[in-house]
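Engineer: Residue-level listing of the chains:
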Amino acid sequence: MTDPDTARRFETLVLPHMNSAFNVARWLTHNDQDAQDVVQEAYLRAFRFFGGFRGEDARAWLLSIVRNTFYTWHQQNRGHAADTTEFEEDTHSLETSTANCAESPEAMLIRNQSQQRVHKALRCLRLEYREVIVLRELEELSYKEIADIVGIPMGTVMSRLGRGRQQLAALLAPTDQEA
Amino acid sequence: MDHEQAFELLPGYIDQELSLSESLEFERHLAGCEQCQQTYEQQRSVSTQLRQAGLRVEAPAELVKRIKGALPGRRSLWERLADRFGGGASGRSRGWAPVGAMAFSVIALTWSAGLYLSAPSDETRLTHELVDDHVRSLQFNHLSDVISTDRHTVKPWFDGKLDFAPPVVDLAQQGYPLVGGRLDYLNGRAVAVMVYRYKLHPINLYVWPGNDAGAPPPRIYEQQGYHLAHWSAAAMNYWAITDAGEAELNGFIANLLAHPAS
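Those sequence lines, one after another, are chains U and G.
Under the numbering used here, the first residue of the first sequence carries the number 1, and numbering increases by one thereafter.
Under the numbering used here, the first residue of the second sequence carries the number 1001, and numbering increases by one thereafter.
Chain U on its own, in the form it takes in the complex (with noise of 0.2 Å):
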């Protein structure tokens, strides 16, 4: 079941992509134990899936199914995960919202204080906005890669991140009190 060619195969193409999983898992999960088990649970379905993999991108691939493990993960620990706080459409509730999304500490410590801004206005973003803009501004993978990742077309790709960059420009406005 598990030749050596496809090891080999599965060493090559999926193993050096563990940091963009990891980055994408822990941006969705916002803790570190978490991402670490979404991104363990991701390979080992990778592993198990990696025949089905035509070879495209294996970078895009492994990405949907972190992606997937991550949602999976979402559903069940509901009520106990971080995340379900999300942002409002409203971006005027910046102060009650932020309050709910509080910057890890190791974070607070090793950013200077415009990073640290960006930092918590993205980890403030609802989820649906923030994984496109990870996708895209972190990872930099084209809205066709995108849209096979979240599973939708890719002019809504395009409207979730203009809307995304909108909500964060609201949240990053100099005029901002908490500068």
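One thing to keep in mind: the hints can contain errors.
One-sided excerpt, in silico: chain U residues whose CB lies under 7 Å from chain G [stated by the list, open to error]: (1) Asn19; (2) Asn23; (3) Val118; (4) Glu137; (5) Leu138; (6) Tyr143; (7) Leu161; (8) Gly162; (9) Arg165.
The hints are simulated quantities; they were obtained by calculation from the structure and are not laboratory data.
All C-beta atoms in this analysis are idealised placements derived from N, C-alpha and C, irrespective of residue type, glycine included.
Chain U is already provided as a structure; the job is to place chain G on it using the hints.
Structural biologist: Quick look at chain G alone, frame taken from chain U:
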């Protein structure tokens, strides 16, 4: 192109995802539309800030090691030795410089001589065997032979397959649901394995008759990133192993001991 259409395409223009004709039409509109210019500047600035804020997080070394370790053991002796002595540096498993290879052969020789001279104790050997078995059980989708969350299904499944009746306890209420069971061969005999889960972490609980270890509560120890515990109770030997944390394994054992077997 009217304003609404242009506004919709604005993110695509920033990301250079528009066709040439769309881009040209968009630029024509942008030149004369103040609202689009403002939004374009805002979104472009957000995009730049996101890329410059160092937001990308890298996978922790321990995770890389754990995932690599869970892959099927088709790696050469060199690669394994590299992992063992390479200080956890990733990406160093291939392309050895000749000098490095020579140094490693010396280490390898010394190491195997060391292994030969100091034959591992039974307990150490069993621990290794358990870790290997646990890892193997995760690899081939062979975690459970009988998949059931019901102890009244799992327990009878073992009948006729073993010369003892393993105690099966349901701990779903305590956060450690039973997911199944399987038969394994360990330490020279057939053993029962009950598979539980804590969140996404499988916990393998090996049981066979005997009184080899002390009474519970057991000491938790760690090997290759896994947590293990060993105890004996009611003339049965127990080994629990998981990649969950020490506290979670302790919680599992405490619950297991507190609940009477079926």
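Engineer: With reference to the structure, classify each hint as holding or not holding.
Structural biologist: Hints and how they fare:
no.: 1; hint: Asn19; in the structure: holds (5 Å)
no.: 2; hint: Asn23; in the structure: holds (5 Å)
no.: 3; hint: Val118; in the structure: holds (4 Å)
no.: 4; hint: Glu137; in the structure: holds (4 Å)
no.: 5; hint: Leu138; in the structure: holds (5 Å)
no.: 6; hint: Tyr143; in the structure: holds (5 Å)
no.: 7; hint: Leu161; in the structure: holds (4 Å)
no.: 8; hint: Gly162; in the structure: holds (4 Å)
no.: 9; hint: Arg165; in the structure: holds (4 Å)
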